[in-house]
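Going down the list, the sequences are from chains Y and S.
Just so you know, we're using the numbering used here here: the first sequence kicks off at 14 and counts up by one.
Just so you know, we're using the numbering used here here: the second sequence kicks off at 14 and counts up by one.
No lab work stands behind these hints, which were simulated from the structure alone.
Quick caveat: nothing in here was measured; it's all calculated off a predicted structure.
There may be inaccurate statements among the hints.
A pair holds if it fits inside one copy or across any two, identical chains being indistinguishable in the list.
With a cut-off of at most 27 Å between alpha-carbon atoms, the simulated DSSO-like pairs for lysine-lysine come out as follows [stated by the list, open to error]:
1) LYS249 to LYS286
2) LYS103 to LYS249
3) LYS446 to LYS310
4) LYS446 to LYS37
5) LYS51 to LYS103
6) LYS446 to LYS248
7) LYS310 to LYS158
8) LYS19 to LYS182
9) LYS314 to LYS446
10) LYS310 to LYS104
11) LYS446 to LYS216
12) LYS103 to LYS310
13) LYS286 to LYS103
14) LYS154 to LYS446
15) LYS116 to LYS314
16) LYS249 to LYS19
17) LYS310 to LYS286
18) LYS314 to LYS216
19) LYS286 to LYS248
There are 2 protein chains.
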Amino acid sequence: MVGNKKIFDIVIEGGTLLTMVDGKEPMHGARVIISGDKIEEVSVSHNSPIPETNEIITAENAIILPGLINTHGHSPMVLFRGMSDDLPLKKWLYEHIFPAEAKYINPDTVYWASLLACLEMIASGTTTFIDGYFFANEIVKAINKAGIRALVAQGVIDFPAPGVPDPNKNLDVALVFLERWIHFSDLITPGIFCHSPLTCSAKTLLRAYDISSRFDFPLQTHLSETHDEAKEIEKKTGLRPVFYLDDLGLLNSNLIAAHAIYLDEEEIDLLAKRCVKIAHCPESNMKLGSGLAAVEKMLEKGVTVGLGTDGCASNNNLDLFTEMDTASKLAKVANLDPTIIDARTVLKMATIGGAKVIGLENRIGTIETGKKADIIIVDANTPHMTPMYNPYSQLVYSATGGDVRDVIINGRIIYRDRRFTTLDSAEIMDEVKRLCRQIDI
Amino acid sequence: MVGNKKIFDIVIEGGTLLTMVDGKEPMHGARVIISGDKIEEVSVSHNSPIPETNEIITAENAIILPGLINTHGHSPMVLFRGMSDDLPLKKWLYEHIFPAEAKYINPDTVYWASLLACLEMIASGTTTFIDGYFFANEIVKAINKAGIRALVAQGVIDFPAPGVPDPNKNLDVALVFLERWIHFSDLITPGIFCHSPLTCSAKTLLRAYDISSRFDFPLQTHLSETHDEAKEIEKKTGLRPVFYLDDLGLLNSNLIAAHAIYLDEEEIDLLAKRCVKIAHCPESNMKLGSGLAAVEKMLEKGVTVGLGTDGCASNNNLDLFTEMDTASKLAKVANLDPTIIDARTVLKMATIGGAKVIGLENRIGTIETGKKADIIIVDANTPHMTPMYNPYSQLVYSATGGDVRDVIINGRIIYRDRRFTTLDSAEIMDEVKRLCRQIDI
Numbered sequence: 014m015v016g017n018k019k020i021f022d023i024v025i026e027g028g029t030l031l032t033m034v035d036g037k038e039p040m041h042g043a044r045v046i047i048s049g050d051k052i053e054e055v056s057v058s059h060n061s062p063i064p065e066t067n068e069i070i071t072a073e074n075a076i077i078l079p080g081l082i083n084t085h086g087h088s089p090m091v092l093f094r095g096m097s098d099d100l101p102l103k104k105w106l107y108e109h110i111f112p113a114e115a116k117y118i119n120p121d122t123v124y125w126a127s128l129l130a131c132l133e134m135i136a137s138g139t140t141t142f143i144d145g146y147f148f149a150n151e152i153v154k155a156i157n158k159a160g161i162r163a164l165v166a167q168g169v170i171d172f173p174a175p176g177v178p179d180p181n182k183n184l185d186v187a188l189v190f191l192e193r194w195i196h197f198s199d200l201i202t203p204g205i206f207c208h209s210p211l212t213c214s215a216k217t218l219l220r221a222y223d224i225s226s227r228f229d230f231p232l233q234t235h236l237s238e239t240h241d242e243a244k245e246i247e248k249k250t251g252l253r254p255v256f257y258l259d260d261l262g263l264l265n266s267n268l269i270a271a272h273a274i275y276l277d278e279e280e281i282d283l284l285a286k287r288c289v290k291i292a293h294c295p296e297s298n299m300k301l302g303s304g305l306a307a308v309e310k311m312l313e314k315g316v317t318v319g320l321g322t323d324g325c326a327s328n329n330n331l332d333l334f335t336e337m338d339t340a341s342k343l344a345k346v347a348n349l350d351p352t353i354i355d356a357r358t359v360l361k362m363a364t365i366g367g368a369k370v371i372g373l374e375n376r377i378g379t380i381e382t383g384k385k386a387d388i389i390i391v392d393a394n395t396p397h398m399t400p401m402y403n404p405y406s407q408l409v410y411s412a413t414g415g416d417v418r419d420v421i422i423n424g425r426i427i428y429r430d431r432r433f434t435t436l437d438s439a440e441i442m443d444e445v446k447r448l449c450r451q452i453d454i
Numbered sequence: 014m015v016g017n018k019k020i021f022d023i024v025i026e027g028g029t030l031l032t033m034v035d036g037k038e039p040m041h042g043a044r045v046i047i048s049g050d051k052i053e054e055v056s057v058s059h060n061s062p063i064p065e066t067n068e069i070i071t072a073e074n075a076i077i078l079p080g081l082i083n084t085h086g087h088s089p090m091v092l093f094r095g096m097s098d099d100l101p102l103k104k105w106l107y108e109h110i111f112p113a114e115a116k117y118i119n120p121d122t123v124y125w126a127s128l129l130a131c132l133e134m135i136a137s138g139t140t141t142f143i144d145g146y147f148f149a150n151e152i153v154k155a156i157n158k159a160g161i162r163a164l165v166a167q168g169v170i171d172f173p174a175p176g177v178p179d180p181n182k183n184l185d186v187a188l189v190f191l192e193r194w195i196h197f198s199d200l201i202t203p204g205i206f207c208h209s210p211l212t213c214s215a216k217t218l219l220r221a222y223d224i225s226s227r228f229d230f231p232l233q234t235h236l237s238e239t240h241d242e243a244k245e246i247e248k249k250t251g252l253r254p255v256f257y258l259d260d261l262g263l264l265n266s267n268l269i270a271a272h273a274i275y276l277d278e279e280e281i282d283l284l285a286k287r288c289v290k291i292a293h294c295p296e297s298n299m300k301l302g303s304g305l306a307a308v309e310k311m312l313e314k315g316v317t318v319g320l321g322t323d324g325c326a327s328n329n330n331l332d333l334f335t336e337m338d339t340a341s342k343l344a345k346v347a348n349l350d351p352t353i354i355d356a357r358t359v360l361k362m363a364t365i366g367g368a369k370v371i372g373l374e375n376r377i378g379t380i381e382t383g384k385k386a387d388i389i390i391v392d393a394n395t396p397h398m399t400p401m402y403n404p405y406s407q408l409v410y411s412a413t414g415g416d417v418r419d420v421i422i423n424g425r426i427i428y429r430d431r432r433f434t435t436l437d438s439a440e441i442m443d444e445v446k447r448l449c450r451q452i453d454i
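Produce the complete structure using the sequences and hints provided.
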């Protein structure tokens, strides 16, 4: 404040703005004013003078939108990107991924791999992500350095796991993790990620639920990712997976279930009724040959759905732009209906939908006065983004993550003109390459 | 030649080389020597001195591979990119695309839009493409300016079409087109594109076949893209579409059929027997809700298959990297089998497979001594390409077209460090934007 005049922190000037607020149309020649960590004002500039500000970002020939939200992933798995592709699922898991995790996942690899994942997510416009893995303390350290927003969960499974050799202690480790980071940063929410209702006993699931509820944090799990998994739970418990979880009392708005492929109508109805959040991961579901999630049906029935890339061993990138494209196109071909999951719907899924999944819809997911300034700017001044009739279509069907030019998280410029401001990308890539040279599975 | 020492034109030095020759493994620390329009030598450098050359392209931390080949498209349709998405197929076609074509397709729009398509294809690593549209003379002029390799076909349909108001003259126009460009350039093959066996009569198809055969040029057609189309042909002729074309005597190695979705086993067997070439367009087939082409079955039965983006109104980009990713993942989920259409197979489809479709497998599609120098270099020094265990996986599942750094076509550097050497991208984008401002459908 100089005299009576407020000096703002950042003004984004020009370009096409998608606020992602329901009913709001794209704004051309937009102006977004940021003060501290918050959005102060959203308007059309009409060539009025730019208010006094510490920083101006011009967005002519660009699209301004809320940062994307990745609702399911295991960021340290970038370490195994492309290591073992195109294999039968069981061989992939038991002869490649599990042995590699047992041998190479340690605090050092998790830390550096998480930094690499942050680089990749930032550069492709993701400003918030939901993560679940082992050595989660190291993930928190990495994302804190990066300045990205996240729900980071300690993985829980009833088998010996990296950093948790005794499965009886899996929830003790998780509890210590929660207590350590609960008040650490406005950007980081710690959580618990139960691997699946098959690999976690009822006792483990219930205790995880109790701890999560105590802190009022979301609980994550994989759900009905494969046909075999769903069938096995039914065989073991006499109930379809969603009904089994309901029987345990686990279904509520704090549960985030990833994949959700093998569900019948009644299960989807129950998920809707209990306000369970779904992380839809179409590319991973395709690449592993898992199956088709009936995302259009979930939306129709009012289930909250976000988009997720899953870990890099089954995708193999963290690009939510290509994920949006695939989510829309896959639903269309699965239903032989080109009107399903249109561009705006899938962009909502990747922004405000994701915010609802993580429970932060009052703080992020749209560009509105008073919300946190999590904003990305996508370059539209390229051949593949020309001409532009419909910015939603352009982002979903024409763009890739590589078109992201600037990223602001919590009012801080994290990526400017395609350069990282918080992380040393060369150092991180070199370190990950060095660590990966030992990997031999 | 200075004294006895030959001076080469281009040496590509370092990096990982995928020759795409059957049985050849990736070469690390590669050297590719180019002389004139041809590949002179392919080797591993072993730190030996770089031979004398006019140009050195260093490819450390990059992947060198044959230029990609797009086997199906309508390049001027970039004009309608994102204009009318997510609509029912008939509404999209009859209320949007056809009226827009009737009103806005003219020599000027076709010329500039084709230049824009060339920019996009070059920047995403496509060095050869197969095209079919109206005002094809203008497409030839554009691609000649760009320096890209192509089979460009004049569109033929038994309805009034842009530039061909009288359908009785559609093949006269095509014949004049063929005769005009037959000897024009080593890079350009003119051809005929019959819209479909439903929109072209038997008489039109037969005459198109006769003309194409006379010149020994490939003939293109859409084939069984929708269920309705296949059913209607069956109703009209009493034969499934492939058998109908066989009955006309059209099936041979000079026929390129795009989409090929609604085929039964016998039709696929017959396509294999007759050596018909297939352009597989998974993203377009998904976006329009058309259906799933059984590409794994076609390959198994020995059908030659290339990859195509289709026109930009139904994709909405010309990026063959994301198309490869989708082709592989879609086949996996459709068959619930993650081993199907592995990364190397789909990369073959987009390189040597495409070369076979166009009938140029002896000249392009692999990196080998004596072949034309159509080579691209993909930057692997980025977060989403790190680490790299398997370059095939990396290109298919992690890369996008935006990772292409350099493009050489016919021994000429067309794109260097992401800058176009033959085209003025700003001028072309501006001109297309100007033309599109009038478009109102």
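Checklist entry - Which of the listed hints are not met by the structure? => result 3, 5, 6, 7, 8, 9, 11, 13, 15, 16 and 18
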